[in-house]
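**Student:** The listed protein sequences correspond, in order, to chains A and B.
Using numbering that gives the first Met the number 0, the letters of the first sequence correspond one by one to residues 0 to 562.
Using numbering that gives the first Met the number 0, the letters of the second sequence correspond one by one to residues 0 to 623.
I should point out that these hints are in silico values taken from the structure, not numbers from a laboratory.
Treat the hints loosely; a few may be bogus.
Claimed, not checked - DSSO-like cross-link-like pairs, simulated, lysine-lysine; straight-line CA separation at most 30 angstroms:
hint	chain 1	residue 1	chain 2	residue 2
1	B	K361	A	K17
2	A	K291	A	K477
3	B	K323	A	K308
4	B	K46	A	K17
5	A	K173	B	K323
6	B	K553	A	K83
7	B	K361	B	K171
8	B	K531	B	K576
9	A	K17	B	K211
10	A	K173	B	K564
11	A	K558	A	K545
12	A	K83	B	K330
13	B	K566	B	K555
14	A	K477	B	K342
15	B	K621	B	K564
16	B	K330	A	K173
17	B	K604	B	K576
Said to hold, decoys possible - Across the chosen pairs, the derived CB separations fall in these ranges:
hint	chain 1	residue 1	chain 2	residue 2	range
18	A	G482	B	R202	26 to 32 angstroms
19	B	A364	A	L57	56 to 62 angstroms
20	A	I210	B	L602	41 to 47 angstroms
21	A	R121	B	A364	22 to 28 angstroms
Glycine included, each C-beta is placed from N, C-alpha and C at the ideal position.
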Amino acid sequence: MSEYMTIDGIPVEINGEKNVLELIRKVGIELPTFCYHSELSIYGACRMCMVENERGGLEAACSTPPRAGMNIRTNTERLRRYRKTILELLLANHCRDCTTCENNGSCKLQSLARRFHIDGVRFPDGERIKHAKDESSLSITCDASKCILCGDCVRMCNEIQNVGAIDFAHRGSKMLISTAFGVPMAESPCVGCGQCAAVCPTGAIVVKNNIAEVWKALDDPTVKTTVQIAPAVRVAVGKELGIGDGENALGKIIAALRRMGFDEVYDTSTGADLTVLEETEEFLHRIENGEKLPLITSCCPAWINYCEKKHPDLLKNVSTCRSPMQMLASLLREQSKLSSRRMYHVAVMPCTAKKFEAARDEFKNDGMPNVDAVLTTQELIRMIRESGIVFNELEPEAVDMPFGSVSGAGIIFGVTGGVTEAVLRRVVSDKSRTGLLSLARMGQRGSSGVKEFTVPYGDRELKIAVVSGLANAESVLKRVNNGEHFDLIEVMACPGGCVAGGGQPFVPVERRAKRSEGLYTADRVSSIRRSEENPLMFSLYNGILKGRVHELLHVDYCKGGEN
Amino acid sequence: MIKNRQELSEYRASAVRAFTAEPKKILVCAGTGCVAGGSIQIYERLKQLMAERNIPVDVELADEPHEGAVGMKMSGCHGFCEMGPLLRIDPMGWLYTRVKLEDCEEIVEKSIVGDEPIERLAYTIDGKVYAMQDEIPFYHRQKRVVLEHCGRIDANSIREYIAIGGYSAFEKALFDMTPDEIVNEVTESALRGRGGGGFPTGRKWSQVKRQKEPQKYIVCNGDEGDPGAFMDRSIMEGDPHRMLEGMMIAGVACGASEGYIYVRAEYPLAVERLRRAIAQAEELGLLGDNILGTDFSFRIHINRGAGAFVCGEGSALTASIEGKRGFPRVKPPRTVEHGLFDKPTVLNNVETFANVPQIINKGAAWYRSMGTAGSPGTKAFALTGNIRNTGLIEVPMGTSLREIVFDIGGGIRGDNEFKAVQIGGPSGACLTREHLDLPLDFDTLTKVGAMIGSGGLVVMDSHTCMVEVARFFMNFTQNESCGKCVPCREGTKRMLEILQRIVDGQGEEGDIELLLELADTISSTALCGLGKSAPSPVVSTITNFRDEYEAHIKDKRCPAGTCSKLKRIVIDPALCKGCTRCSRVCPVGAISGKAKEPHNIDLTKCIRCGSCISSCAFHAIKED
Chain A
0 MSEYMTIDGI PVEINGEKNV LELIRKVGIE LPTFCYHSEL SIYGACRMCM
50 VENERGGLEA ACSTPPRAGM NIRTNTERLR RYRKTILELL LANHCRDCTT
100 CENNGSCKLQ SLARRFHIDG VRFPDGERIK HAKDESSLSI TCDASKCILC
150 GDCVRMCNEI QNVGAIDFAH RGSKMLISTA FGVPMAESPC VGCGQCAAVC
200 PTGAIVVKNN IAEVWKALDD PTVKTTVQIA PAVRVAVGKE LGIGDGENAL
250 GKIIAALRRM GFDEVYDTST GADLTVLEET EEFLHRIENG EKLPLITSCC
300 PAWINYCEKK HPDLLKNVST CRSPMQMLAS LLREQSKLSS RRMYHVAVMP
350 CTAKKFEAAR DEFKNDGMPN VDAVLTTQEL IRMIRESGIV FNELEPEAVD
400 MPFGSVSGAG IIFGVTGGVT EAVLRRVVSD KSRTGLLSLA RMGQRGSSGV
450 KEFTVPYGDR ELKIAVVSGL ANAESVLKRV NNGEHFDLIE VMACPGGCVA
500 GGGQPFVPVE RRAKRSEGLY TADRVSSIRR SEENPLMFSL YNGILKGRVH
550 ELLHVDYCKG GEN
Chain B
0 MIKNRQELSE YRASAVRAFT AEPKKILVCA GTGCVAGGSI QIYERLKQLM
50 AERNIPVDVE LADEPHEGAV GMKMSGCHGF CEMGPLLRID PMGWLYTRVK
100 LEDCEEIVEK SIVGDEPIER LAYTIDGKVY AMQDEIPFYH RQKRVVLEHC
150 GRIDANSIRE YIAIGGYSAF EKALFDMTPD EIVNEVTESA LRGRGGGGFP
200 TGRKWSQVKR QKEPQKYIVC NGDEGDPGAF MDRSIMEGDP HRMLEGMMIA
250 GVACGASEGY IYVRAEYPLA VERLRRAIAQ AEELGLLGDN ILGTDFSFRI
300 HINRGAGAFV CGEGSALTAS IEGKRGFPRV KPPRTVEHGL FDKPTVLNNV
350 ETFANVPQII NKGAAWYRSM GTAGSPGTKA FALTGNIRNT GLIEVPMGTS
400 LREIVFDIGG GIRGDNEFKA VQIGGPSGAC LTREHLDLPL DFDTLTKVGA
450 MIGSGGLVVM DSHTCMVEVA RFFMNFTQNE SCGKCVPCRE GTKRMLEILQ
500 RIVDGQGEEG DIELLLELAD TISSTALCGL GKSAPSPVVS TITNFRDEYE
550 AHIKDKRCPA GTCSKLKRIV IDPALCKGCT RCSRVCPVGA ISGKAKEPHN
600 IDLTKCIRCG SCISSCAFHA IKED
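Bound-form chain A, shown alone (with noise of 0.2 angstroms):
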């Protein structure tokens, strides 16, 4: 029989929901809350999601589990007045200067104290923490100053990423968010994936902007400027700016950038049929020669990041394939040694560890980045606004030639498990459209954070597995440590991978599928759907690739950028 309780009079159904914060937003409530994210643990310390019980009684709904006959009220006179004191204590601790924050109109702060209708803090004297800005971090930026503890980042960082850089340090007024030690962000064990960035709800932590160097390149007459377009940036732009979310929005992104000086535009899923290629034929060779598996993929900067500081002994694991972005750059940086113009290359990334990866020495050309900014989608869209560019009504358009044609097998990089299917549609036998279809059903797809299948191969079966959220992947390492025996790892920091990248715009992990919808429906319409019938490739490897594979799109993460 099913349990009812009731929300501000109206009866509602339990479902196996954990607290009455769910049940609550379930009906359409939109309960404010600064701590809660159904992925991390329950915290408990912002305090606005109180509810009033029918005894007068107040319970937090975040960490209170539903019972048959509760009845709940979520908007009382009382409940209002709390709300609205603990946002004034809040922005009374905090830095005011809305108009000039890199978090300005996404700020969740911001919009409760616009919601309740804060019209004054009453503490107009009272002390306020005061700290200097941590820019150390080519991904992230920290400002402590505009903190309101409510730890998000910490638990992001500690549970789901397993990285644990930050925690919380001091006590009572005087606490704050830090680094072991208070050392910078740089030299933490902080591998950039930005994920703390992702739930921070203002601008406490906030992704680094490289905008204005980009601005200056496009307004230089002596450069050629090019950009490349990672596959999961198409699809987290939408909401934003004014389409649907998790809509393809590639051809819009393409105009918007021509108009905003670009003079060529490519697509990162070119570097991603170059990664499917490559990367088979080296899993390939390791499984003829049964060495150096499970073969883990490398396309992730911050997974690489990871692995460099943690294990570092798996390194010879990892691909040496380079990374999507870095194989499109090294190309277009080879193909521009023929032109007079020096070349600044832009990667529109989803990510923020892209941003590390594009200043690591592995990937310079005589001290001279390949990739010499990464702006992130979040960047992206702040510069079409800044242009002034009316998104929505923008005419679709196409990437620029030789490197203009991709395959569906490329764009779904974005997403958990792409890598991995890529990889599948070159390995087995069956080429045929069914063959596609059964793949597709393997169990790499979905938003689990490990997902683990077989997938026959000769007369062998191959074991993969695939990760997303570095807790996880650590999960699935510690049993390779433990001699458990893998073929392939697929490694995605970002939980749900690049669609939920640090550098995306936000949406809770409820919103996120319809931005893997998004990729793999531009995979099925795509006329080519398996990377080595991109016709591009055929004319790349006979071309500027011939015999300078290795060196072009490889990269040896082992030897710990002394090349």
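Assemble the complex: chain A is given as a structure, and chain B must be docked to it using the hints.
**Tutor:** Only chain B this time, still in chain A's reference frame:
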């Protein structure tokens, strides 16, 4: 190593023989206060003097009766710390106060070699000399149950503890009672948690007992953090085995094999005594595997807390033992289900555990015969403030404030009037003259918006500013807030700022209302009990002494005359000779007047530096 019950009773019999064979015992108080006063040196000096006179001495209880040897013991705290260093001579029951090194010779001569008390070392009040400890008014009105051994036995000796009946309750629980019977006895006794909450101990134990999880924990909260409270410290220092015995009985009752004591690192002596007590119990086989030949195994570990007040909160305490940051967590789940290391956990405080052995030995009915129906038993209080006798006391629950303050405490020090008592530390509230005849127990205090808390009683007289009292406690809470939840972290900070400006004379119209509004938000929405009760001292002082707040805010005047920034300097025109000296020393030109005529002070200019007061030869200038 005692292997079975039989051996334990043999051990006890021999300990009793040795204990009773001592013709005299010198008990030098080795509680923290008296140690600081030099009691260890006194002990050593006495030992030396005894040796010089060839008087046989037992510094440890002998294995076999050592005829004629005087027992020389370092005891736990007697509670009358103000009069320390204290020294008791048994079996006469004399108590010597404020003993100095140079008194030792006379003590040996007169009281040990001879048989007479030394009057000048006895407690004297209102001209009356009290040689016998039990007759001193401070002790006479008390009922010492939990503290019965403190000051009476060697705090470092398990043998002495066993000699006076120690571990017999554990023995009874282990051999003669089922776990259900133990839990029932404790439930029947209606013992309530002495840490402040007053939760029924028996109910807590039965909730843990019925958990299916095989691994359970017994945790003792010795993180006594209230300013001025030292009840638990005295038990841990003075009678550590009693508390261990309580934990062991809880272990038998709930089926736990591991116990943890979380004790403040600021209590080094308590840690040392507990360590020694655990080692002694292990050595005798009372702790360890297969205790006394049964299948019951129990070990006790000590965890030292680093001094965070919040770690006295249950979930923060268990987090701290686990090595995590001392943060309280949201409940449910509760500690009895998911406590230490996520296992079912009995978490009681020191005094609660120390009550258990007697309940098992003498029964629930005996326990309920003390105290009130809702709050049976006794309660230890730390009595401090403007009172004649400060110290550690124990009285039956339900004793009135009047008895404590005026009979045991001897009334207000000096000529001032009683004003209020702050009870329950930073989570508590103040009780005023109208509450003097209120019986002190859990429920009565809750009804008047106060709480027993851990048992701190700060007595305040008419010269105590109640706004300053509120500010003091708010400052403490704000410093000790863990910082996790917004209302406590941010709210107490703003409350403190408002209180600070009121005592600084910068208070504004509306401040009282703002304080009450913040207090309501914090007490309704804070995450843990400490946060919820943080505004209590403010609310209760506003409720009882609103006029004092208003005087500070509206008249810029401190009625108690203690807020330095609100002090007024006045010139008595009757005494002022008009010598002009004050107007010349005033650094801000606030004093004016014609020569040979009384001068005036412009209070708007005065910075209250006091230069004029010291310069006046006629004592005409005073602080109001």
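**Student:** Against this structure, judge whether each hint is valid.
**Tutor:** Now the hints, each set against the structure:
1. K361/B <-> K17/A: violated, 47 angstroms
2. K291/A <-> K477/A: holds, 16 angstroms
3. K323/B <-> K308/A: holds, 23 angstroms
4. K46/B <-> K17/A: violated, 67 angstroms
5. K173/A <-> K323/B: holds, 19 angstroms
6. K553/B <-> K83/A: holds, 28 angstroms
7. K361/B <-> K171/B: holds, 11 angstroms
8. K531/B <-> K576/B: violated, 57 angstroms
9. K17/A <-> K211/B: holds, 23 angstroms
10. K173/A <-> K564/B: Given pair K173/A, K564/B holds - Cα atoms ~27 angstroms apart, limit 30 angstroms.
11. K558/A <-> K545/A: At roughly 25 angstroms apart (the allowed maximum being 30 angstroms), K545/A and K558/A satisfy the hint.
12. K83/A <-> K330/B: Judged against 30 angstroms, a Cα distance of about 24 angstroms means the pair holds.
13. K566/B <-> K555/B: Holds: K566/B and K555/B sit about 9 angstroms apart, inside 30 angstroms.
14. K477/A <-> K342/B: holds, 26 angstroms
15. K621/B <-> K564/B: Satisfied, since the Cα-Cα distance of roughly 15 angstroms is no more than 30 angstroms.
16. K330/B <-> K173/A: Measuring from Cα to Cα gives roughly 25 angstroms; hence the hint holds.
17. K604/B <-> K576/B: holds, 22 angstroms
18. G482/A <-> R202/B: 26 to 32 angstroms: Check failed, 49 angstroms falls outside 26 to 32 angstroms.
19. A364/B <-> L57/A: 56 to 62 angstroms: At 40 angstroms between Cβs, range violated.
20. I210/A <-> L602/B: 41 to 47 angstroms: For L602/B against I210/A, whose Cβ atoms are near 60 angstroms apart, the range 41 to 47 angstroms is violated.
21. R121/A <-> A364/B: 22 to 28 angstroms: violated, 57 angstroms
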